[in-house]
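Participant: Sequence:
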Amino acid sequence: MLSVRDLQVRYGRSVAALHGVDLDVSPDGVLAVLGSNGAGKSTLLRTVSGTLRMHRGSVSAGEVRYDGKPLTKLDPARIVGLGVVGVPEGRQVFARMTVEENLRAGGIGARSPEQRAAARKRVDELFPVLSERAKQRAGLLSGGEQQMLAIGRALMSGPRLLLLDEPSLGLAPKIVERIGDIIREIHEQGTAVVLVEQNAVMALRVADHAIVLEVGRVALAGTTAELAASEEVQRLYLGGHAESQATAEAEAADARKHLAGRSLSRWAG
1 MLSVRDLQVR
11 YGRSVAALHG
21 VDLDVSPDGV
31 LAVLGSNGAG
41 KSTLLRTVSG
51 TLRMHRGSVS
61 AGEVRYDGKP
71 LTKLDPARIV
81 GLGVVGVPEG
91 RQVFARMTVE
101 ENLRAGGIGA
111 RSPEQRAAAR
121 KRVDELFPVL
131 SERAKQRAGL
141 LSGGEQQMLA
151 IGRALMSGPR
161 LLLLDEPSLG
171 LAPKIVERIG
181 DIIREIHEQG
191 TAVVLVEQNA
201 VMALRVADHA
211 IVLEVGRVAL
221 AGTTAELAAS
231 EEVQRLYLGG
241 HAESQATAEA
251 EAADARKHLA
261 GRSLSRWAG
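All letters in the sequence shown, in the order written, are residues 1 to 269 by the UniProt record's numbering.
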């Protein structure tokens, strides 16, 4: 479905953000992209979604293909039309518009009234709270509800590939867990996902495969089971917010427990 090969991205003439990045996302996959601030995670999503130019970035080498079609020269609207839709970091809902109006805005990219109606039914089933808040201004929702609205708005265009940029940012742990469950449910309904996250515990619980970006390069890649068992990932990411080594080990065990019993294909990137 999505193929990235030797991708190199720059901002202006002097700032190199990505260096030879390779990755693949299958039609039935969830890929987690881990890494610290400045690692290039958001740049990767901007490149795939066609919004890189809005941030004064450019692709200096490599290619991004979706279903065999090159994306790097397409505008964002065209990419959405192909079925690739992003949810930006910070939610970015239309605060002065109602929940209903936000969802209608997301449905503009739907290919037919029937597709729009089916997408709305899907959103209502995933996020019943949005139906309850339909007439409320989006800016008055809680942080978790705004994140649900941002995801729901993206789903209104019927994506086949959903790009999520830090969906857990600023949310309480229970809400983060709920967002993770929703991402899995979206995937089980037939939508592939690229999940950019600093919360490695949630990301490894949700995804099938993962890569770790460090200063614009792929430092590690594999199944989530492989990365959850990696000492480096446990030390740098699973334990990065823990108060003790024991807590870090418990979080790593929890991530592995959620992966137990899954049938996973080997990493092909």
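These are computed hints drawn from the structure, not numbers from a lab. As the structure is a computational prediction, the values presented were derived from the model and not from experiment. Please note that a few of the clues may not be correct.
What the hints assert, rightly or not - Straight-line alpha carbon distances no greater than 27 Å define the calculated DSS-like cross-link-like pairs of lysine-lysine that follow:
1. Lys174 - Lys135
2. Lys121 - Lys135
3. Lys121 - Lys69
Said to hold, decoys possible - Derived DEER-like restraints, expressed as beta-carbon distance ranges:
4. Ala95 - Ala61: 34 to 40 Å
5. Lys135 - Arg56: 37 to 43 Å
6. Arg217 - Glu132: 40 to 46 Å
7. Gly20 - Glu232: 29 to 35 Å
8. Ala105 - Asp22: 33 to 39 Å
9. Arg235 - Asp181: 26 to 32 Å
Glycine is no exception: its CB is placed at the ideal position from the N, C-alpha and C atoms.
Participant: Would you mind marking each hint as holding or not holding in the structure?
Facilitator: Now the hints, each set against the structure:
Straight-line distance between C-alpha atoms of lysine 174 and lysine 135 comes to about 26 Å, which keeps the hinted pair within the 27 Å bound. Distance restraint check for lysine 121 and lysine 135: the Cα-Cα separation of roughly 17 Å lies within the 27 Å cut-off, and the hinted pair is therefore satisfied. Between lysine 121 and lysine 69, the direct Cα distance comes to roughly 30 Å. Violation of the 27 Å bound is thereby established for this hinted pair. About 39 Å separates the C-beta atoms of alanine 95 and alanine 61, a value consistent with the hinted range of 34 to 40 Å.
The hinted range of 37 to 43 Å is satisfied by lysine 135 and arginine 56, whose Cβ atoms lie roughly 39 Å apart. Under the hint 40 to 46 Å, the C-beta atoms of arginine 217 and glutamate 132, about 45 Å apart, fit the expected range. For glycine 20 and glutamate 232, the Cβ-Cβ distance of about 20 Å falls outside the hinted range of 29 to 35 Å, so the restraint is violated. Evaluation of the 33 to 39 Å hint for alanine 105 and aspartate 22 yields a pass: the beta carbon distance comes to about 35 Å.
At roughly 27 Å, the beta-carbon separation of arginine 235 and aspartate 181 lies within the given 26 to 32 Å, and the hint holds.
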